[in-house]
Amino acid sequence: MIRGVLTVFLLGVGQSPDHAHGFATPPSLPSKVSQQLPSATISRRRLVGVSQRAPPPPVALQASPALTAFTAAGAPLGSVSVLAIVILIHEMGHFLSARAFGINVDEFSVGVGPRILGFRRRRLVDGKYSFERIIEGDRDDENDGGDGGIDFNLRALPLGGYVRFPENYNRTLAFENDDRARKLRDEARLMRVEASSPLEKGLEKVAAQSFVFNTLTLGLLKRWQATREKTQLEDAEREAELERISRKNSWLSSLPWSVVSDSEAETKLSKLRAAKTPDVSYFDDPNLLQNRKWQERAVVLSGGIVFNILLAFSCYLAELNGRGLPTPVYKQGAVVTQTPARDSPSFGLLDPGDIILGVNDKILFDSDTATGLQGQKAIGTIISKVRSTPEGQAVKLTILHGKNSEQEVRTIVPRVNDGVKSIGVMLGPNFSEVKLERATNFGDGLQKAGKAVYEVTTETAKSIYGVLIGLLIGKGTPAGITMSGPVGVIKSGADVVKSSDLSAVVAFAASISINLAVVNSLPLPALDGGQLLFVLAEAASGRKIDQRLQESVNAGTLLILFLISIGTTVGDVTALFQ
0 MIRGVLTVFL
10 LGVGQSPDHA
20 HGFATPPSLP
30 SKVSQQLPSA
40 TISRRRLVGV
50 SQRAPPPPVA
60 LQASPALTAF
70 TAAGAPLGSV
80 SVLAIVILIH
90 EMGHFLSARA
100 FGINVDEFSV
110 GVGPRILGFR
120 RRRLVDGKYS
130 FERIIEGDRD
140 DENDGGDGGI
150 DFNLRALPLG
160 GYVRFPENYN
170 RTLAFENDDR
180 ARKLRDEARL
190 MRVEASSPLE
200 KGLEKVAAQS
210 FVFNTLTLGL
220 LKRWQATREK
230 TQLEDAEREA
240 ELERISRKNS
250 WLSSLPWSVV
260 SDSEAETKLS
270 KLRAAKTPDV
280 SYFDDPNLLQ
290 NRKWQERAVV
300 LSGGIVFNIL
310 LAFSCYLAEL
320 NGRGLPTPVY
330 KQGAVVTQTP
340 ARDSPSFGLL
350 DPGDIILGVN
360 DKILFDSDTA
370 TGLQGQKAIG
380 TIISKVRSTP
390 EGQAVKLTIL
400 HGKNSEQEVR
410 TIVPRVNDGV
420 KSIGVMLGPN
430 FSEVKLERAT
440 NFGDGLQKAG
450 KAVYEVTTET
460 AKSIYGVLIG
470 LLIGKGTPAG
480 ITMSGPVGVI
490 KSGADVVKSS
500 DLSAVVAFAA
510 SISINLAVVN
520 SLPLPALDGG
530 QLLFVLAEAA
540 SGRKIDQRLQ
550 ESVNAGTLLI
560 LFLISIGTTV
570 GDVTALFQ
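Just so it is clear: in the sequence shown, position 270 is 269 by numbering that gives the first Met the number 0, and no numbers are missing.
Bear in mind the hints are in silico, worked out from the structure with no lab data behind them.
Given the structure is predicted, the values throughout are model-derived calculations rather than measurements.
Quick reminder that beta carbons are idealized off the backbone N, C-alpha and C, glycines included.
Any given hint could be a false lead.
Once the Cα atoms are required to be at most 25 Å apart in a straight line, the calculated PhoX-like pairs of lysine-lysine come out as [to be verified]: (1) Lys395 - Lys330; (2) Lys434 - Lys330; (3) Lys434 - Lys497; (4) Lys461 - Lys376; (5) Lys434 - Lys376; (6) Lys376 - Lys361; (7) Lys384 - Lys361; (8) Lys384 - Lys395; (9) Lys229 - Lys330; (10) Lys376 - Lys450; (11) Lys395 - Lys376; (12) Lys361 - Lys402; (13) Lys461 - Lys450.
Using C-beta positions, here's what the derived DEER-type ranges look like [said to hold, decoys possible]: (14) Leu471 - Trp293: 26 to 34 Å; (15) Gly352 - Leu435: 21 to 29 Å; (16) Arg386 - Tyr464: 19 to 27 Å; (17) Gly101 - Ala538: 16 to 24 Å; (18) Pro389 - Pro113: 55 to 63 Å; (19) Glu550 - Phe118: 48 to 56 Å; (20) Arg132 - Leu470: 43 to 51 Å; (21) Glu550 - Ile468: 26 to 34 Å; (22) Gly449 - Leu535: 33 to 41 Å; (23) Pro75 - Asp125: 40 to 48 Å; (24) Arg386 - Leu95: 45 to 53 Å; (25) Ser404 - Leu95: 56 to 64 Å; (26) Arg386 - Thr338: 21 to 29 Å; (27) Leu116 - Ile362: 38 to 46 Å.
Make the full structure from the sequences, and use the hints.
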């Protein structure tokens with residue numbers, strides 16, 4: 000059972016909440032898939048002609064000289080270190096909750112890939128612990144966790160981590176049994192095909208490639224095949240029984256020299272029985288995670304999410320009770336951040352500093368002040384209106400131009416650029432200033448930190464679910480939101496670390512931690528939320544879900560998430576060279 004790896008690939012989509020401040024980060028992918036990082040005060044958006052800019056530098060809480068020295072060359076390393084720490088905290092949530100219940104654990108790893116350094120802790124007979132270094136070349140599966148031994152490893156790629164629990168069945172033996180039955184299964188499949196419909200024939204052929212196609216169908220094909228095997232085996236048993244009764248009642252069977260041979264029905268029955276998917280023998284060790292009460296499994300599965308939320312809460316609380324939590328202040332409107340290109344529709348009509356208040360005669364703000372989220376939503380609305388403008392027609396923007404306090408209207412005809420309508424302008428929320436919010440006492444700090452966590456978590460979840468719903472219904476990502484993977488997240492973190500602003504680094508860590516918690520809580524198989532959903536389904540139904548089917552579903556989801564992460568990574572790398 001692996002935790003953490005997926006979330007790294009799926010960090011961040013969405014809009015930047017007010018408390019994820021002090022740094023400017025590009026939107027990240029919604030992660031384990033990725034929604035956008037609750038990133039900086041302002042996220043850059045390269046979308047149909049509108050994008051966000053970073054706000055003026057906030058009040059810098061200068062760090063120690065050691066952090067200041069951690070600039071240009073060390074910034075990416077610093078960003079990776081922040082990610083690794085956040086993931087470490089997540090995995091500690093799973094590990095410590097499991098050990099608190101006395102559940103066996105095989106391995107605790109920081110990072111993924113080849114092992115750089117590792118040691119094994121064993122519990123001795125006298126209750127003391129021994130620690131031995133793991134020699135390179137040791138197989139990971141040598142430790143079964145049964146004697147209290149736990150491997151602690153540092154691996155090459157610090158962009159993930161996992162807690163590995165012992166299997167509750169002999170996986171090697173199960174695979175060997177499957178291989179042994181494969182030939183007979185193919186013969187039985189051919190017999191079944193003889194009396195099958197064209198659709199069933201096709202599914203039978205696909206089912207022969209069990210691992211690949213069962214993974215792609217999230218285990219549904221496996222279940223169909225098992226149900227079909229059961230039905231056909233019952234039919235064959237009835238046929239064989241009828242054949243035996245018929246032969247028993249035949250007068251030829253009473254002759255002393257008669258030789259009884261297997262009938263065609265009995266031969267078919269024997270082949271179908273031999274080809275039946277082998278049953279798996281599960282271990283009954285009470286210290287295995289799979290054999291614990293559903294309540295305990297639920298606590299272990301949610302431990303990582305809880306620890307990430309606690310980490311973010313601690314970061315905010317420390318800032319509130321220290322020099323202050325930097326909170327950006329915005330005014331109404333979306334600001335034009337750059338001079339439009341000469342060949343763009345907005346050239347000569349919009350200038351840097353112009354503030355867009357409304358689109359198509361609809362004002363987007365109802366007060367002089369706004370939050371960063373409101374500014375980003377307004378940008379998303381502008382993008383949507385531009386994209387949906389009919390060919391050749393104009394979009395009307397209500398603006399404040401220069402120092403004028405009177406509203407003006409600009410009429411701009413969008414132009415198709417790379418297949419999408421654009422007005423060729425870069426936009427950002429109307430950032431005003433950064434104020435330091437301090438707690439008046441410790442109790443006030445607890446309240447404000449809790450509020451900050453709630454707001455960031457809520458808005459991050461809205462962004463992530465907005466992206467997922469858009470993808471599921473075929474509308475793509477919502478306007479104003481982009482997706483990025485690990486490369487984009489690392490670049491965002493590098494920009495933060497490069498600023499040598501300790502407060503910004505802490506805020507970045509809090510944002511990443513919340514993002515990781517939200518992504519892992521998604522009800523998708525292979526993520527913590529999906530695993531928890533399986534546990535709750537078992538609790539509600541009162542019966543176990545077929546574990547191998549569950550593994551197929553998890554593998555299929557993991558494959559999909561991995562493909563998404565590859566796509567976002569390619570996009571991140573491409574963006575670096577633009």
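Status of each hint after checking the structure:
For the hint pairing Lys395 with Lys330, the CA-to-CA distance comes to about 21 Å; that is within 25 Å, so the pair holds. A hinted pair counts as satisfied when its Cα atoms are at most 25 Å apart, and Lys434 with Lys330 qualifies at roughly 14 Å. Proposed proximity of Lys434 and Lys497 is supported: the alpha carbons are some 21 Å apart, at most 25 Å. Between Lys461 and Lys376, the direct Cα distance comes to roughly 12 Å. Compliance with the 25 Å bound is thereby established for this hinted pair.
Distance restraint check for Lys434 and Lys376: the Cα-Cα separation of roughly 22 Å lies within the 25 Å cut-off, and the hinted pair is therefore satisfied. Restraint check: the Cα-Cα separation between Lys376 and Lys361 comes to about 14 Å, which is no more than 25 Å; the hinted pair holds. Distance restraint check for Lys384 and Lys361: the Cα-Cα separation of roughly 11 Å lies within the 25 Å cut-off, and the hinted pair is therefore satisfied. Simply put, Lys384 and Lys395 have alpha-carbon atoms about 10 Å apart, close enough for the 25 Å limit, and the pair holds.
With a C-alpha separation of about 67 Å, the suggested pair Lys229 and Lys330 falls outside the 25 Å cut-off, and the hint is violated. The suggested pairing of Lys376 with Lys450 holds, with an alpha-carbon distance near 21 Å, which does not exceed 25 Å. As the CA atoms of Lys395 and Lys376 are separated by approximately 18 Å, the hinted pair is consistent with the 25 Å bound. As the CA atoms of Lys361 and Lys402 are separated by approximately 22 Å, the hinted pair is consistent with the 25 Å bound.
Distance check on the hinted pair: Lys461 and Lys450 sit about 16 Å apart at the alpha-carbon level, within 25 Å; holds. The hint said 26 to 34 Å for the Cβ distance between Leu471 and Trp293, and at roughly 29 Å that hint holds. The hinted window of 21 to 29 Å between Gly352 and Leu435 holds, with their beta carbons roughly 26 Å apart. One distance hint, 19 to 27 Å for the beta-carbon pair Arg386 and Tyr464, holds here, with the actual separation near 21 Å.
About 21 Å separates the C-beta atoms of Gly101 and Ala538, a value consistent with the hinted range of 16 to 24 Å. Checked against the hint of 55 to 63 Å, the pair Pro389 and Pro113 passes, with Cβ atoms roughly 56 Å apart. In this structure the supplied range 48 to 56 Å is violated for Glu550 paired with Phe118, their Cβ-Cβ distance being about 30 Å. With their beta carbons about 46 Å apart, Arg132 and Leu470 fall inside the hinted range of 43 to 51 Å.
The beta-carbon spacing between Glu550 and Ile468, approximately 27 Å, falls within the hinted interval of 26 to 34 Å. In this structure, Gly449 and Leu535 break the distance hint of 33 to 41 Å, their C-beta atoms being roughly 26 Å apart. Between Pro75 and Asp125 the Cβ separation comes to about 47 Å, which falls inside the hinted range of 40 to 48 Å. The hinted window of 45 to 53 Å between Arg386 and Leu95 holds, with their beta carbons roughly 48 Å apart.
Taking the beta carbon of each, Ser404 and Leu95 are about 58 Å apart, inside 56 to 64 Å as hinted. Between Arg386 and Thr338 the beta carbon distance is about 23 Å. The supplied range of 21 to 29 Å therefore holds. Taking the beta carbon of each, Leu116 and Ile362 are about 60 Å apart, not inside 38 to 46 Å as hinted.
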